[in-house]
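Take the given structure of chain W and dock chain Z to it, following the hints.
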Amino acid sequence: MAMNDNVTKILGRAWLFGPDISTDMLSPGQYVHHPPEERLKHVLESARPEFASQVRPGEIVVGGPNFGCGSSRESAPQHLKDLGVAAVVADSFARIFARNAIAIGLVAIACPTLSEVVEDGDIIEVDVIAGRVSILDRNITLDADSIPEPMMDVLRLGGIEPMLALIGAEQAQDK
Amino acid sequence: MSYTDIKDVSKSRVAESAQQTVAEEILARASGRNRVNPGEHVVAEVDAMMMHDIFAADVLSMLQRTGIRRLNNPSKATVVFDHMVPSPSVSSSSHQAKARELIRYYGIDAFFEIGTGICHQVMVEENRVSPGQLVVGTDSHTTTYGALGVASTGIGSTEMAYALATGKLWFRVPESIAIVLEGEFQFGVTAKDLILKLMKVIGSSEAQYCSVEFGGPSVGNLDLADRMTVANMGVEMGAKFTIFPQGPLTTLKRDARYIASHVVSLDKLVPQIAVPHHVENVVDVNEVVGVPLDQVFIGSCTNGRLGDLRLAADVLRGKHIAKGIRLIVTPASANVMAAAAREGIIEDLVKAGAYVGGPGCGPCFGGHMGLLAPGERCLGTHNRNFRGRMGSGDAEIYLGSPLTAAASALAGAIADPREILDGLGSVHTGTTMSSSGG
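Those sequence lines, one after another, are chains W and Z.
Position in the first sequence (first residue = 1) + 36 = the numbering used here.
Position in the second sequence (first residue = 1) + 92 = the numbering used here.
Quick caveat, the hints were computed from the structure, so don't treat them as lab data.
None of the values given here were measured: they were computed from a predicted structure.
Ideal placement from N, C-alpha and C gives every residue a C-beta, glycine not left out.
Treat the hints loosely; a few may be bogus.
[To be verified] Derived coverage of chain W by chain Z (criterion: at least 3 residues anywhere in the stretch with Cβ under 8 angstroms from a Cβ of chain Z; other residues may be distant):
1) 87–99
2) 126–132
3) 135–149
4) 157–164
5) 168–180
6) 204–210
[As the list claims (entries may be wrong)] If you only want the chain W side, here are some residues facing chain Z, beta carbon under 7 angstroms, derived:
7) GLY54
8) SER58
9) PRO64
10) SER82
11) ASP118
12) GLY120
13) GLU152
14) ASP189
Same shape as in the complex, but just chain W:
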């Protein structure tokens, strides 16, 4: 099983969002059965209409408190991953969003005061293992929460789906 090393240290441009970014903003309900490429155009449009068309692979979404509040829809972190977002760093997360992000292999790490310090467009480095976020041009480093080891294993495997594939392969041998 290929291990993914891009989940331990991430360097990228920050897109700054406010508090309480909801799953309805990340993945609006009225597009839920639209084709995937159509759905991606509407990601976070009610917060920052330019985001979906301008975000580039490897960039980092920074949010305030309670990021990802709302429904359990996994399309919320999945849309960010599909747009190429490398990590989400927020002052705090709604629990389902944080679980879902890890489950699909997207780094989600809490850094309690980052949104107050970071400016939109700053280049930041997220050190997931050390639990640190640095704003490079301004020599600011903040402590972040660490991700428990079982979840790091999920991230390194690229999410739960590859884990299921291992179980599926075992079931195939049992037959």
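Chain Z only, in chain W's frame:
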């Protein structure tokens, strides 16, 4: 309104011998341990899993794609089609057709088709959950089963696939918060007003990841339907579980390690409204009386039960909603709808000008039915008023009780239900009014 923090016990001061909270008890049992501690991660056996039509196809397709041939225990799984019902589009129909095929393939017998009701209502009506269980669902409002003393919470589709395949899932043991209820609901005040007030007091951060557990001398004043309304919206506080403990209901475990307690005096509660665009933006109704509305919605897993429709009918019977306003009513289940029809409630609502839809989620989640245009304003009995929740991101959503919603539909603007009720002689009063039984 006086809320008092009677204690704020820090974790470090709690003795090892302390009684466990309900959440700790359930997670310890499910993970084969004597006791567990807040903050630790456990792998626990899940007692029941619920999926609805939005995610069932995604979950089961992932299992198929990864070569999973059989579920750990198909009898633990329930699927309810309630969101996109009846299907409004070909893509939605195709999604549902795929789910039906895989539900058969994986041998899930507990499959409830469109028209049965909203998943959380159906899970309770069909006895798919029982007290003391650990339950997950692909819907954030899975906290609803806490009304029955269940530790239940929402997860995403990938984690659901893992839970179905293995029967297990990891959980962080939550810290717990106690809510102690005292006094009695006053005329025109309901369980919805209680949970909205709690949203204001607790907000969406204090209870993040926590188990919120209810007790106190007045917890018995809330019937099952009331408890479902409150537990349903626990997730809006960020809670992992919202639990009404079973057994002796008047006291929470005296020595259990709650990190905070809030005492709520129901006597002092007045009708509450959540104003745009967040559920914790809650005000007393008098602060927004007169705000003009385009649409009123009565329904959802929060407030679409028989008692809720009964209260609405009490307000609307023999009257007509204001000119220029639309009233959409969706019963929470087929059983609710049938009972409401038997009681004449459906006729009362229809004659008053309501559009009464079939059982299901209706416009609550913004999928179809009753979406809002830019600039429109809606008051609903549902659970979320986030920007874009019910259609346009430039629409405004207010949340209130079924009584407030019905009174506002009559007035064409946000109204204090107590003023409308004062003019009516025949409606329930006192504690009966607070009960949304059914």
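Output the numbers, in ascending order, of every earlier hint that fails for this structure. Hints 1, 4, 5, 7, 11, 12, 13, 14 not satisfied by this model.
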